[in-house]
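One-letter residues, chain by chain:
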Amino acid sequence: MTGGVRPRREAGAADRDSGDLANPGSLVEVAGLGVEFGDVRAVDDVSFRLAPGAALALVGESGSGKSTAASTLLGLHRGTGARVTGTVRVAGVDVQRASEEELRRLRGAKAAMVFQDPLSSLDPYYAVGDQIAEVYRVHARVSRRAARARAVEVLDRVGIPDAVRRSRSRPHEFSGGMRQRALIAMALACGPELLIADEPTTALDVTVQAQILDLLHTLRAETGMGLLLVTHDVGVAAESVDDVLVVRGGRIVEEGPVTRVLSAPREPYTRRLLSAVPRVDAAHPAAPAGGTEGTGRRDVVLEARGLRREFGRGKQAVTAVDDVSVTVRRGETLGIVGESGSGKTTLGRMLVGLLRPTAGEILLEGRAHRGVDPAVQMVFQDPVSSLNPRRSVGEAIADPLRARGEKDDKAVHVRVTELLERVGLDAAHHDRYPHEFSGGQRQRVGIARALAADPRVIVCDEPVSALDVTTQAQVVALLGELQRELGLALVFVAHDLAVVRQVSDRVAVMRRGRIVEEGPADQVYESPRDPYTRQLLAAVPSLDPHTAAERRAARRALTAA
Amino acid sequence: MSGFAGFVTRRLLATVVTLLAVSVIVYVVFYVTPGDVAQITCGPRCSPEQVRQVAGQLHLDDPLYVRYWHFLQGLVAGQDYSTGTSVAHCPAPCLGLSYQSDQQVTDLILTKLPVSLSLVLGAMVLWLILGVGTGVLSAWRRGRLSERVLTAITLAGTATPVFVIGLVLMIVVCGELELLPFPQYVAFTDDPEQWAWNLLLPWLSLALIEAAAFARLTRAAMLETLAEDHIRTFRAYGVSERAVIGRHALRGALAPVIALNANNVGSAVGGAVLTETLFGLPGIGQELVHAVRVVDLPVVVGMVLVIGFFVVLANAVADVLYAVADRRVVLV
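Residue numbers (our numbering), protein chains in the order written: chain F, 1 to 561; chain S, 562 to 893.
Among the clues, some could well be false.
Using C-beta positions, here's what the derived DEER-type ranges look like [said to hold, decoys possible]: (1) Ala-781(S) to Glu-153(F): 51 to 59 angstroms; (2) Thr-721(S) to Glu-436(F): 16 to 24 angstroms; (3) Arg-709(S) to Ser-143(F): 40 to 48 angstroms; (4) Gly-567(S) to Arg-165(F): 18 to 26 angstroms; (5) Phe-565(S) to Arg-144(F): 19 to 27 angstroms; (6) Ser-99(F) to Gly-567(S): 50 to 58 angstroms; (7) Gly-567(S) to Glu-222(F): 55 to 63 angstroms; (8) Leu-678(S) to Arg-145(F): 38 to 46 angstroms.
I should point out that these hints are in silico values taken from the structure, not numbers from a laboratory.
A virtual CB, placed ideally from N, CA and C, is assigned to each residue, including glycine.
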């Protein structure tokens with residue numbers, strides 16, 4: 001690696017001399033950074049420093065410009081038409097003025113980036129080990145064979161079992177967590193001084209997220225590389241960094257040590273952001289004190305008995321839901337929590353009648369219930385794709401009314417207006433199309449559509465997982481309000497343990513198609529009986545860095561045991 | 562690997578089923594047409610006795626499925642035709658007799674097929690190089706002057722009829738510059754070098770027409786792949802633009818190119834009539850046009866079946882290539 005690099009090193013040294021005024025001790029130095037796309041100013045006057053080996057998080061909601069700011073560190077905006085102003089220095093390279101060649105030598109070798117979606121971030125056509133070897137050979141003059149060996153070494157380092165064999169697998173043969181490990185291995189390959197991680201755990205389950213964050217922690221302790229973490233999740237930041245920058249609308253709102261910012265935020269926006277974050281250790285605010293226990297069978301609205309659902313036939317049959325029984329009472333929220341593949345969505349769809357159970361029965365107010373029924377409605381995860389982009393929101397909300405046989409256009413219009421106002425939207429927006437609304441507003445439209453049929457039960461499938469925390473809090477509050485007013489029964493399906501605790505009276509924990517634990521929310525969260533529930537809860541990132549460190553130790557003990 | 566072998570087997574079985582379906586449709590459409598089939602098949606100058614003989618050989622008195630069964634038997638096992646005085650054997654795959662040209666259809670096709678295959682496969686190599694190359698270049702140079710010039714040239718290529726391109730090529734290259742003699746088909750088995758020189762202009766004319774579609778498709782697919790996340794990964798790791806385009810983006814863009822190529826190769830075997838006619842190549846396309854004009858039914862049926870065979874075969878090959886390029890296909 002040394003021979004061919006020598007002349008370039010000199011160029012780098014000269015570069016450092018010219019920028020003598022800059023703090024020589026900084027690994028990253030960003031001053032007055034601005035990024036414009038056309039008329040949109042995505043990043044505005046952002047400045048920060050990162051010392052070698054230190055860890056800094058850019059925290060902000062979607063559209064805050066945090067990812068855009070991070071990608072300027074590698075000069076990834078070159079040739080995209082974005083206007084970048086200010087100075088960016090990374091590992092002694094002036095990114096703004098560096099030649100293409102200098103930039104390429106920075107990328108991967110001195111500063112490496114880990115991206116959000118580990119599936120799409122690897123080339124589907126090549127073996128994982130070959131992709132890492134390819135990147136390694138860009139920066140190190142070694143043989144193909146040596147690069148391949150290096151790939152296996154780093155894959156082994158990030159905890160891929162049987163790395164020699166697995167390095168020949170293609171990305172689709174890896175699980176989500178393994179793919180993210182492979183991307184981290186790629187980042188490690190050239191021994192960079194800085195790791196830029198852009199939402200590295202957002203696409204992962206909570207237990208896998210904990211593993212990846214622990215891995216990043218260990219690697220940093222061993223290699224001494226600096227970390228710039230970009231995340232929307234305050235908990236993830238609390239787990240991983242020393243300092244935090246809160247970003248909003250392209251500007252830095254607040255900065256400081258993570259402990260100080262999280263425990264004593266100075267800016268109103270930071271305070272709002274923190275108060276919106278659902279806490280896994282806070283009791284359900286409106287939990288009726290033991291109220292649901294006493295209510296008799298009379299109040300049971302929806303009951304499922306021995307539900308089972310298989311997909312596929314013969315040898316390839318997969319049991320997604322296996323012998324699940326649940327009941328939901330009037331005015332009550334049942335939370336169903338589980339990781340991806342646990343069968344929670346399949347269960348939700350069967351409850352609504354969108355999927356026919358392979359076995360078992362569903363009773364709606366004591367009567368057998370098959371297929372869809374106006375009394376059981378659904379709110380979907382993705383408010384973008386669950387609304388037809390070619391129909392106005394008014395038409396979308398009117399659909400269930402017309403499906404019920406309402407023919408009077410005037411009556412439909414009156415009812416739709418009522419519903420729009422009920423979910424906190426402007427009734428004048430009746431004729432607008434979904435793309436004219438924000439994510440949170442679109443989810444409100446989804447809720448209005450579910451309400452249109454006067455349901456008694458609403459099944460919400462990950463209703464807030466695509467939303468920012470502040471929007472999330474508003475939508476959750478709306479659902480609670482509607483429930484109290486209309487006496488609705490809610491089934492709240494989600495992977496986020498904190499959100500589920502926030503909304504649920506009772507919680508069922510699903511794993512591999514079965515319910516492993518069910519009970520009143522406080523009981524499940526405070527004294528979990530099942531080891532899997534304990535494991536899930538231990539994996540939830542804590543907002544308090546001290547607790548986070550303790551939890552990390554506890555997780556190690558759990559996995560060691 | 563067993564998954565892959567299983568996939569190929571399933572795909573080949575599907576091919577056989579498709580071919581059977583094609584043969585049923587072709588057979589029914591042509592032999593159930595109104596009019597006296599025996600008279601048409603035999604030709605306008607046949608005596609009533611000859612017509613009766615033909616009717617017997619075609620089993621015209623039997624119900625349709627029996628006639629089709631005989632036809633299939635001939636394809637698989639061969640068939641004997643008695644002409645009253647002597648018995649002619651038509652070995653498998655027997656597509657019947659052409660009474661008008663007094664030849665077995667299989668033999669007739671076998672003399673024309675090498676010409677068409679030479680033309681199409683050679684042109685395919687050229688159109689892939691020209692089309693995919695242009696597509697890659699214009700995706701790389703997107704928005705710049707060089708891309709616009711390339712797009713204009715490929716568009717002009719498609720917009721110009723083959724007889725114009727071919728004629729101009731012949732007049733310039735063979736007439737004015739005298740670089741090549743006027744093309745004349747030489748079989749590959751006789752003289753490979755002369756075969757190639759004589760086919761150069763036909764290949765070029767056909768390729769120029771087809772290349773534009775490939776250029777546009779490749780460009781679109783490349784731009785789509787270039788916008789994907791994994792491309793960003795390799796750029797963010799300092800991989801050169803050349804490697805990003807050549808190794809990662811092109812690989813991702815190949816699937817639609819393979820699919821289009823399969824269709825074009827398959828249909829050009831029988832469809833390159835203009836090119837064949839212009840350059841005097843005695844191929845399938847020319848023969849088919851002739852057979853249609855003189856209403857030589859057995860020849861038309863045989864030719865259509867053979868062309869169908871190549872279309873289906875090319876698509877099967879494309880599917881297998883797909884699976885080789887992207888192993889995830891096998892899983893579906």
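Consistency of the hints with the structure:
Between Ala-781(S) and Glu-153(F) the CB atoms are about 40 angstroms apart, so this pair departs from the stated range of 51 to 59 angstroms. Separated by about 47 angstroms at the C-beta atoms, Thr-721(S) and Glu-436(F) break the suggested range of 16 to 24 angstroms. A hinted range of 40 to 48 angstroms for the beta carbons of Arg-709(S) and Ser-143(F) is consistent with their spacing of about 43 angstroms. One distance hint, 18 to 26 angstroms for the beta-carbon pair Gly-567(S) and Arg-165(F), holds here, with the actual separation near 22 angstroms.
Here the CB-CB span from Phe-565(S) to Arg-144(F) is close to 25 angstroms, well matched to the stated 19 to 27 angstroms. Checking the proposed 50 to 58 angstroms range against Ser-99(F) and Gly-567(S) shows it holds: the Cβ atoms sit about 52 angstroms from each other. Taking 55 to 63 angstroms as the suggested C-beta distance range, the pair Gly-567(S) and Glu-222(F) does not conform, at roughly 45 angstroms. Checked against the given bound of 38 to 46 angstroms, the beta carbons of Leu-678(S) and Arg-145(F), roughly 42 angstroms apart, stay inside it.
Hints 1, 2 and 7 from the earlier list are contradicted by this structure; the remaining hints agree with it.
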